[in-house]
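> Here is how the chains run, residue by residue.
2 protein chains.
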Amino acid sequence: MIKANDPSLKSWIEVPPDSDFPIQNLPFGIFKTQSSSSRVGIAIGDQVLDMSILNKLGFLDDFKIDDSIFTNQYLNDFIELGKPLCRSIRQRVSNLLNVNNPELRDNKNAQYKVLNYMSNVQMQLPVKIGDYTDFYSDIERNIAAKVHTSSKAGISFRKHLPLGYNGRASSIVVSGTSFHRPKGQIKPFGSDLPVFDSTKQLDFGLEVAFIVGKQTPLGKTVSTATAEDHIFGLTLLNGWSAHDFHTPEDIQPGLFLSKRFITTISPWIVTLDALEPFRTQGCVQDPKVLPYLEYSGEKNIDINLEVSIQPENSDEHLISKSNCKNMYWTIEQQLAHLTSNGCNINIGDLIASRTICAQNTDSFGSMLELSLKEMKAIKLKDGSERKFINDNDTVIIRGYCEKNGVRIGFGEAKGKVLEALNS
Amino acid sequence: MIKANDPSLKSWIEVPPDSDFPIQNLPFGIFKTQSSSSRVGIAIGDQVLDMSILNKLGFLDDFKIDDSIFTNQYLNDFIELGKPLCRSIRQRVSNLLNVNNPELRDNKNAQYKVLNYMSNVQMQLPVKIGDYTDFYSDIERNIAAKVHTSSKAGISFRKHLPLGYNGRASSIVVSGTSFHRPKGQIKPFGSDLPVFDSTKQLDFGLEVAFIVGKQTPLGKTVSTATAEDHIFGLTLLNGWSAHDFHTPEDIQPGLFLSKRFITTISPWIVTLDALEPFRTQGCVQDPKVLPYLEYSGEKNIDINLEVSIQPENSDEHLISKSNCKNMYWTIEQQLAHLTSNGCNINIGDLIASRTICAQNTDSFGSMLELSLKEMKAIKLKDGSERKFINDNDTVIIRGYCEKNGVRIGFGEAKGKVLEALNS
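Order-wise, the sequence lines are chains A and B. Going by my numbering, the first sequence opens with residue 1, and the numbers climb by one from there. Going by my numbering, the second sequence opens with residue 1, and the numbers climb by one from there.
Some clues are possibly wrong.
If several chains are the same, the list does not tell them apart, and a pair holds so long as it fits within one copy or across any two.
[Claimed, not checked] Calculated pairs, DSS-like style, for lysine-lysine (alpha carbon to alpha carbon, straight line, at most 25 Å):
1) K220 with K128
2) K32 with K10
3) K214 with K128
4) K3 with K288
Rather than coming from a laboratory, the hints here were simulated on the basis of the structure. Predicted, not measured: the structure shown is a model, and the values here were computed from it.
Could you build all of it, start to finish, from the sequences and the hints given here?
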């Protein structure tokens with residue numbers, strides 16, 4: 001049997017060459033249609049495979065999966081089946097979609113029932129998220145270091161351990177969710193007294209996040225070597241922030257109200273299996289890390305990232321290209337660190353790596369980084385300028401891996417900013 | 001009908017005068033017995049009323065509650081019935097337990113089925129906690145200000161807004177749960193290089209927390225005037241910490257691994273209704289707060305708090321007495337602030353107020369505060385000394401209100417520290 005991520009695989013479903021979802025990807029998500037409730041889906045080309053109907057029609061009979069696993073508001077119950085079973089099911093779907101397999105290819109009636117065009121479905125939040133943790137994984141992000149830490153000490157400590165904080169799970173939403181510009185306490189320049197007003201410094205935050213796929217009990221640590229068993233897959237994440245809310249909060253531990261008003265994630269969870277061919281050598285970690293953070297092998301992932309702004313009634317404007325292969329800490333190290341104090345993890349926990357920026361000037365993970373680096377506003381195609389995100393702007397994050405003619409994409413994490421409410 | 005918190009009420013169940021659970025309290029919790037699965041209970045004296053059986057026997061027929069609400073692992077579904085209905089059910093239980101009501105008083109057979117001695121039940125985590133937020137509500141806690149903030153700015157900003165951070169929900173456990181001394185990166189004195197070792201500065205953190213009882217959608221704010229509608233009740237909370245993990249993390253936003261390894265809460269949720277008679281005038285807030293934080297009426301709560309340490313095979317030693325009536329920010333202000341940026345809240349969210357310490361020297365909310373204030377270790381009854389918490393120590397937090405001969409107690413938030421694991 002050919003592995004589900006083999007570059008030679010072809011599907012009988014036509015997949016455009018620039019599609020994020022070739023047969024090698026097969027990411028999981030939750031969708032509904034006008035006539036159906038929430039259910040588990042797999043993306044293939046510009047279509048979504050309905051796993052619930054696939055199961056009902058008997059194509060997954062070997063696995064004896066209760067339909068409630070697939071007719072579900074979240075992927076958590078599916079993920080709880082365990083990685084070996086989830087992997088086998090994904091492999092079975094790969095076989096069913098394979099150009100050489102007539103089972104579904106030659107059964108038009110079944111195809112009609114199990115496939116939906118993406119344009120006809122509404123993607124949902126894929127997992128019920130328990131806890132959300134946000135890491136700073138990029139040592140070189142010196143701008144952030146300057147802003148948030150007493151810089152030299154900050155850089156030095158970052159090389160001993162991944163720095164993170166607890167985020168807010170309730171306000172994590174799926175791509176496509178609009179939100180009103182948030183309000184908060186802002187200290188006007190030159191004044192000692194704060195005012196309560198809508199943010200004037202709304203920003204995006206380019207991040208990649210992974211979903212915990214296997215729980216641990218309290219007191220149990222996870223090693224870097226076994227971390228992969230606890231990671232189901234990855235999504236894109238926009239960690240929106242209101243920088244001017246920082247002012248009074250800089251002094252407190254935790255990015256609090258300036259961050260927790262909304263967080264946008266992409267709807268498809270790309271499995272670690274699909275990403276395996278894009279693993280790459282990580283950074284040289286100097287000074288040497290403590291034993292619980294040591295690891296071997298190629299553990300970074302070569303994912304191209306792009307951020308675009310689309311003003312109302314205007315074209316998209318690509319404002320940043322980046323890549324997460326330069327992350328200082330691997331996702332396995334993040335999980336080992338997170339659990340090093342015995343903190344338990346649950347299926348559906350979301351662990352993100354904060355804004356990634358490479359060395360070249362067109363690569364940055366937030367408007368703030370760009371402003372500080374370029375010392376000027378960005379000029380968009382429509383002639384307008386941006387230092388931060390305007391009302392009615394849509395920010396779109398995209399990500400994809402590419403190698404040997406195979407493109408494994410994440411889809412989009414997209415969010416539109418509406419004007420502040422008057423209340 | 002006499003209100004359920006009326007001091008004149010008496011139950012036909014004998015309640016010892018120093019009990020936390022007279023008929024005026026009737027807090028909610030989740031318990032199981034050797035022969036039964038998890039279910040909703042109400043504490044009365046030294047007994048627990050089984051709400052599931054009470055419902056099955058027809059005593060709650062007027063409310064037409066599905067039994068799955070009471071035969072449940074968590075209180076969330078019960079809370080979701082809404083405050084008016086929960087209040088009516090609690091009032092009905094008050095009537096059933098009233099000395100003048102023969103319904104249950106004279107029905108020995110039903111009593112036998114619905115009542116369990118506390119010593120025979122095992123209390124569970126009462127709610128499925130979504131997000132956990134921790135506030136610093138005490139302006140005067142200058143020791144903490146010195147540790148965590150650039151002190152003067154810290155104190156000044158604290159008077160404009162409640163400072164908080166996101167905690168970890170997964171590691172919140174019910175009273176009685178033991179845990180192993182956690183490990184983390186510690187920077188030995190005089191060294192630039194961290195080591196990975198068990199904490200030598202394990203501390204408790206005296207806190208009171210409230211449980212969100214009504215959700216809001218994303219973008220919706222909650223005013224101080226309506227906050228009470230969103231608060232189901234209060235519990236005690238021990239926010240354990242490992243101070244020596246702070247060293248490398250001080251520079252990062254958020255108390256992270258130093259705090260998230262475990263958090264202990266008491267099993268009974270005392271309703272706001274039961275606490276109503278103990279509302280008291282809050283602090284004078286100067287400077288004047290912004291309009292969204294303004295409130296009227298007596299909104300602090302006069303709750304006596306006590307912390308004891310019980311070494312292995314030794315007597316309890318009371319080490320601190322405190323009170324939460326001196327909190328600078330009311331719980332209603334905390335909720336208004338938390339939602340001021342449009343962040344949504346869910347039933348079961350836990351919002352805590354960090355360590356409370358009054359002015360007198362025997363009042364402090366952590367060993368660190370005591371050490372810094374007293375400049376010496378505490379001597380326990382058994383002759384041993386403590387600067388921090390030792391292995392095999394049990395820390396017990398208790399809380400109660402008292403007025404007009406009525407004592408409304410919270411029970412205990414108790415946790416025992418086991419030696420660090422070798423793994």
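> It remains to establish, for every hint, whether it holds in the given structure.
Now for the hints, and whether the structure bears them out:
no.: 1; hint: K220 with K128; result: both (22 Å within a copy, 21 Å between copies)
no.: 2; hint: K32 with K10; result: neither (27 Å within a copy, 55 Å between copies)
no.: 3; hint: K214 with K128; result: both (14 Å within a copy, 19 Å between copies)
no.: 4; hint: K3 with K288; result: neither (36 Å within a copy, 66 Å between copies)
The earlier numbered hints that this structure contradicts are 2, 4.
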